[in-house]
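So you can see what is in the structure, the chains are spelled out below.
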Amino acid sequence: NAGVTQTPKFQVLKTGQSMTLQCAQDMNHNSMYWYRQDPGMGLRLIYYSASEGTTDKGEVPNGYNVSRLNKREFSLRLESAAPSQTSVYFCASRRDRDSPLHFGNGTRLTVT
Amino acid sequence: AQTVTQSQPEMSVQEAETVTLSCTYDTSESDYYLFWYKQPPSRQMILVIRQEAYKQQNATENRFSVNFQKAAKSFSLKISDSQLGDAAMYFCALRTGTYKYIFGTGTRLKVLA
Chain A
11 NAGVTQTPKF QVLKTGQSMT LQCAQDMNHN SMYWYRQDPG MGLRLIYYSA SEGTTDKGEV
71 PNGYNVSRLN KREFSLRLES AAPSQTSVYF CASRRDRDSP LHFGNGTRLT VT
Chain B
4 AQTVTQSQPE MSVQEAETVT LSCTYDTSES DYYLFWYKQP PSRQMILVIR QEAYKQQNAT
64 ENRFSVNFQK AAKSFSLKIS DSQLGDAAMY FCALRTGTYK YIFGTGTRLK VLA
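Each protein sequence line maps, in turn, to chains A and B.
Once you know that position 60 of the first sequence is 70 in my numbering, the rest is easy, because the numbers rise by one and skip nothing.
Once you know that position 27 of the second sequence is 30 in my numbering, the rest is easy, because the numbers rise by one and skip nothing.
It is worth saying that the hints were derived from the structure and are not from the lab.
Cβ atoms here follow ideal geometry from the backbone N, Cα and C, with glycine treated the same way.
Any given hint might turn out to be false.
Capping the alpha-carbon separation at 27 Å, the derived lysine-lysine pairs in DSSO-like fashion look like this [unchecked claim]: (1) B:K103 with A:K67; (2) B:K103 with A:K19; (3) B:K103 with A:K81.
Just so you have them, the derived chain A footprint on chain B, three or more residues with Cβ under 8 Å [what the hints assert, rightly or not]: (4) 41-54; (5) 97-104.
All chains should be built: construct the whole structure from the sequences, respecting the hints.
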């Protein structure tokens, strides 16, 4: 099983450019998440999707949009990238309430 | 507010020795889960161990065990017989409510040969 697959692995953007980070899971999980990881700050929740067709804001949603395209896929879009969005982005999924999160390998995004 | 605190930014341990990483948390809920994740230099987030709040018995996975003190809201990770491959960032996490997972800021573990 591939688990959680994120693309791309690395990306460099100029300020103001847009891009979409893709995430797909093949474990038939219901819930999916987007986190960002910054040095000294742990992982902070951007958005999550409890189930197909629903999305909710997390701790740091400003500047991002998400789409739960189907049960497998959950994308994160930056409409107008800013240097403050330079970070490592993780997608994760889980089966149910008592399950741990399963993570993708992350995307390192640099905004210049 | 729910919080997770890891007060040790960095720890070192000699190979084959034992080390304990600290984590304290705060939640008003009675039904929650706690996790430890490992992040090696490859950046991958790997589940190490998990603990259900309503279980008194401390979880164990091979060389990894936890000391879960519910009243004190403490959830420390003990690594026995440390190996070079244990060197990584370790994150403590709390599942609170139905969907939210809150992470600590991490502890970097160095293993000395």
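Tested hints:
| no. | hint | in the structure |
| --- | --- | --- |
| 1 | B:K103 with A:K67 | holds (11 Å) |
| 2 | B:K103 with A:K19 | holds (25 Å) |
| 3 | B:K103 with A:K81 | holds (19 Å) |
| 4 | 41-54 | holds (count 6) |
| 5 | 97-104 | holds (count 5) |
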